[in-house]
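If you follow the hints, you should be able to join the two separate chains into one complex; please do so.
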Amino acid sequence: MSRLLVCPPDYFKIEYEINPWMRRSNAVNSDEAIRQWHHLMQVLEQDVGAILERMKPVPGLPDLVFTANAGIVAGGKAVPSRFRYVERQKEEVYFADWFRAQGYEVVTLDPGSFFEGAGDLLGFPDIWFGGYRQRSDIRVYSTLSDWFHREIIPLELVDNRFYHLDTCLCPLSGGDLLYFPPAFDRYGQEVLAERIAPARRLVPPEAEALRFACNAVCVGKHLVLPAGCPETAFLLASRGYLPHPVPLDEFMKSGGSAKCLTLALD
Amino acid sequence: MLHDQETVLLQGHIIDSLILAKVLDTILMMGGTFDLQDMQIGKTREEPSRARVMVQASSAKLLSEILHAIQPHGASVENERDCRLAAAPAEGIFPEEFYATTHLPTQVRVRDQWVEVEGIEMDLGILVYPVRLTARTVPMGEVKQGDQVVIGREGVRVIPLQRPRNRDVFSFMESQVSSERPHGRVIGDIAKRLVQLRIGFREGKAGNKVLLAGGPAIVHAGGREALAWLIDEEFIHVLFCGNALPAHDMEVDLYGTSLGYGHAAGRVVPHGHEHHLRTINRIRAIGSFEAAVKSGVIKTGIMAACVRRGVQVVMAGTIRDDGPLPGVITDSLEAQAAMREAIPGIGMALLVASTLHAVATGNLLPATIPSVCVDVNPAVPTKLADRGSFQAVGLVMDAASFLRELARELAGCSTMRER
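Residue numbers (the working numbering), protein chains in the order written: chain A, 1373 to 1638; chain B, 61 to 479.
Hints listed in this document are in silico derivations from the structure and should not be mistaken for laboratory results.
Keep in mind it's a predicted model, so treat the numbers as computed, not measured.
Each residue gets a CB set at the ideal place from its N, CA and C atoms; glycine is no exception.
Errors might be hidden in some of the hints.
Said to hold, decoys possible - Coverage of chain B stretches by chain A, computed from C-beta distances (three or more under 8 Å per stretch; other residues unrestricted):
| id | region |
| --- | --- |
| 1 | 75-86 |
| 2 | 99-111 |
| 3 | 371-381 |
Unchecked claim - If you want a taste of the chain B side facing chain A, the calculated C-beta under 8 Å gives, among others:
| id | residue |
| --- | --- |
| 4 | P132 |
| 5 | H133 |
| 6 | G134 |
Said to hold, decoys possible - Looking from chain A toward chain B, a few residues come up when the C-beta cut is under 8 Å (computed):
| id | residue |
| --- | --- |
| 7 | I1510 |
| 8 | R1511 |
| 9 | R1522 |
| 10 | E1523 |
| 11 | P1526 |
| 12 | Y1559 |
| 13 | E1562 |
| 14 | V1563 |
| 15 | H1594 |
Just chain B, with the same shape it has in the complex (with noise of 0.2 Å):
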């Protein structure tokens, strides 16, 4: 939840005549909260205290209503100056000394105005437009010459992380991925969530898609059916992928091999290596994999049921890729853009052993948004825990297991909730 915050300080013989208590009961009575950030006590009776109090509330209004109730009591708002800024000095380049954006909130003074700064995301800079009193990030390559760049750390502040309402694995996450954990309870409360998200997803409320971001080993270890129905009852809204997700999913359609691999027989068929190459061929040939799916060539499966249900769906495109499918994105600055531009909106990710598309779009989303990354290599949860949200959590665990345990727990919690 984003918090709107504001420094007071407060001097002179603030402990013995409880003013600093009474200020920071104000604050917890309107329903605020309030970081005591810097505390200096006098050592004697008649030198005075000084206090550093952050003041934090959920919203712009309430914030300035618990400012105003506190002012007569001597907590003076501090001083702070404007954020610094700088043309871009060309395109594509930032000016030096440019400030880099992390994954957490952050607000920009312009002209005496914290000013949220909009689409957050780690390693971008920060474009201000002084005049709308507007501020967003901007990736390196897509700045312009002449831009009002943020530069150095001035009239820049980033809010820490509330820790979540919901007392859940999420909650209480401290940035460590285990293999040894029982990933029942994290499945569990993983699985609550997507349910509340679902229902705000159907009444149209925003901030309720949920984003799985795969790789073709969800396929080949035998989560694809888990998987299309989990897209199919509306659990999942936005799907990243490479080429080889959508190929290997529509191979087993087609051929009932994934890498040649035949699912039914159990063992590799003669020539099944080149299933997936025929699968994309097929599809290049017909157009798309949604004409596919409409014509009726491919029936079952993870793409056939984002077709079905209208999930939004952006493939980027590797090196090594075969074909590729149509539709997969080959220049990667575009693909990222692709990606950022179906970010707003997300409540929950889901990254699926895929340390390429899972690293990728952990890049991508703000620190607010609760993740799950899911590999069988520890490096991978590692990585994104290392990213420092509360709201990360690393599940060592085969794809195709988290997926069907993930259905069957909704399975369950679904029915029980909409009864």
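Just chain A, same shape as in the assembly (with noise of 0.2 Å):
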């Protein structure tokens, strides 16, 4: 059974501006964001079966509300964030508490070092990606590779829409692929071409990725997605997956969809 961890957006809005998604300008309509994670909760919770851990939300913390970044857990053992950003730096303290709350071991990273959870740490059992150059540090995963006993194979993310890896890279329970290649340096598509076979890789168009088509939650064979993305929708149900497309066109106006909005726990 799949728990993962959430935390309502009471305070979430657009307070400041760290990527090429946020503008001040363009305000979060409070109450349709609290409808809409709503409904990603009862989507997660009915149609997907998943567990929910609900955290408190802190005001004056907009970004809380996007728990893929509260660090990466494994094993009983949880590393939290190394925010790159100061505005959200204030957030580490609460995902580790919260983390300690739980009974995790919980290691830290050194001060200074730059990892943004399962943000930019994500992967198959055997093998994890970390994306690094937008917001993590690539020095950070030969620490966690000894860590978690995992092999990390860090990639560049070479375009700043596409800050974090979760936004442009999803591996399914199947072992495919849901990824957008031009948000990687030919480096790294080579070597995700070299590791997962053609017919295991899903491209969603264009238009979809920059929708964060990418961005999904996936749970045994269903995948929560946000809505807007009908033809990656179709790729998925063609290879076996059960798509669940759900509005959170709120979340994008930071920079968030439907996986940044939770975090995989064990």
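In structure tokens:
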């Protein structure tokens, strides 16, 4: 059974601009955001069958809602994030406290290193991929690989619209990979092509990639993805997945979607 | 060519992720080069790999740009320590454990920065001025009490020579000397370099001077006219010699003999052995070989050409010298210092027919300067080649044949190039 960490969007708004999607002038409709978030929760709990762990929102921390960036959790061990931007660094302590309260072994990276949790580190059971250059620093992956005993393949993110790895790459339960190749340089594209058989590489059209089609939550055969990505949904259905489109455009104003709003726990 | 360099470390899953390939490609694409110094590949998929890469670039600016570009991919500059310094305990004495230089470009780390050691030459110490952030070589005899001298090997790095870009004999010599090697090709390549250097010299560019260190065998064997021609044509700009080369050169002018042997007569002439003494005496009476040439007493030959062309001459004496000629430096440390002073600006060295001057000059030259050693005795070029430089060429041949062939080659080369 999948357990996901989520945080209600009580204080979600755009208070600063730290990625190309964020515009303070593009105000969030809070009521709509809350409605969309609850709809997402409903789909995750009822349609997908996930167990949700809710964190307490904190005033003044609008992005706490994006729990994918809380850290990375595996094997009872949690490594909280070290955010690149000072605006989000204040979240670190809340995520770390939550992990501790839940009984995880919390291991922390050196201050001054940058690592933005499951937003940049995701993968298959035996191989993880680590996005770097935009937010996380490549150097943390050699430490994390040691702590989690996993092979971590660093992938450079070359388009700042895809500033976290989970905005352009989504490993699926059946060993397939939903990803948008132009977000990576030719080395990254080559590595992924080398590792994943052609039939298992699912590529959304650009327009849908820019609607964060890859920012999807995969639980078993279920795939929760932002609404407005019909071709991606069709592609996934043709590979035997069950797509659940959910409107999340209020969160897209901040550069986040379904996956950003959840953190896989164990 | 001097290269700036820095060692970087890369670790993690750098092979399968193509991160190492990307870093190495980036270095090359930006115009740098690299040397993969150490590579440990993880034995399992989970185990990380580790690479130690020396990055080299033609300038400090390019090196810093390359480092800036590869650091985001995880290349971290290896932590280096400053070099260790100790004060010289007394005048002319290095501190114990002093670092002895090689003839290769060398840098020392001072206050976290790599500083180029100036005046590189083998078998010297390194003097560091920590406040000014400069370093230079210092001979044992010249060190002053309290001078800050590098000790140990920490924070000192020697930069291996890059293979020269020119595709000539200097670029692929394997430090061996053979008398069975065809000389024509080697002399042809030397001639091409001399033509290039003369162009640079005439344009007033630094590092384009040619040094010739030679012995009296040049005169005895009949290479005098060829060398005088080379000097007159501005192919030679600095001359290192002893007492004998100028003495016998001027003896030819005054008496038509060298060491009593009549050049035209082709035999030893009566009382000919006195000629060089009479020559030396004459020049001593005049005051200098320069004055002798300017006053018209000496009209032809090597020294006359030197005076006409303003070639810098350093004459270093030995214990068997007659006279000596005025201007011959009889204190060997003073002579060494005078030769050392003439080295900056040299772009090539020809060491011809003198064991003593060839070895002394070879010791003063940095490995970056292409040098040619010509001697009938294979031991001399071999000794020079053993210094382990890409750019030392040894030729086992007679001095006169070498100079004549070189002059002939240049007469063809230079007229062709400059037409």
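Against the structure, the hints:
By the rule of at least three residues with a Cβ nearer than 8 Å to a Cβ of chain A, the coverage given for the region 75-86 of chain B holds, with 6 such residues. A stretch counts as covered by a chain when three or more of its residues have a beta carbon under 8 Å from one of that chain; for the region 99-111 of chain B and chain A the count is 3, and the coverage holds. Figure legend: the region 371-381 of chain B, annotated as covered by chain A; annotation inconsistent (0 residues with Cβ-Cβ distances under 8 Å, at least 3 required). At its closest, the beta carbon of B/P132 sits 6 Å from a beta carbon of chain A; the interface hint therefore holds under the 8 Å criterion.
Using the Cβ-Cβ criterion of 8 Å, the hint placing B/H133 at the interface with chain A is satisfied: the shortest such distance is roughly 6 Å. For the restraint placing B/G134 at the interface with chain A, the shortest Cβ-Cβ distance is roughly 4 Å, inside the 8 Å limit, so the hint holds. About 4 Å separates the beta-carbon of A/I1510 from the nearest beta-carbon of chain B, less than 8 Å, and the hint is met. Nearest Cβ of chain B to the Cβ of A/R1511: about 5 Å, under the 8 Å cut. The hint holds.
The criterion of a C-beta within 8 Å of any C-beta in chain B is met by A/R1522, whose closest approach is roughly 6 Å, and the hint holds. Look at A/E1523: its Cβ gets to within about 5 Å of chain B, closer than 8 Å, so that hint holds up. At about 5 Å, the closest approach between the beta carbon of A/P1526 and any beta carbon in chain B falls short of 8 Å, and the interface hint on this residue holds. Interface hint status for A/Y1559: upheld, as the beta-carbon distance to the closest one in chain B is roughly 4 Å, under 8 Å.
The beta carbon of A/E1562 comes within 6 Å of a beta carbon in chain B, closer than 8 Å, and the hint placing it at the interface holds. Hint on A/V1563 holds. Least Cβ distance to chain B is approximately 5 Å, under the 8 Å limit. Checking A/H1594 against chain B by beta carbon gives a least distance of about 29 Å; that is not within 8 Å, so the hint is violated.
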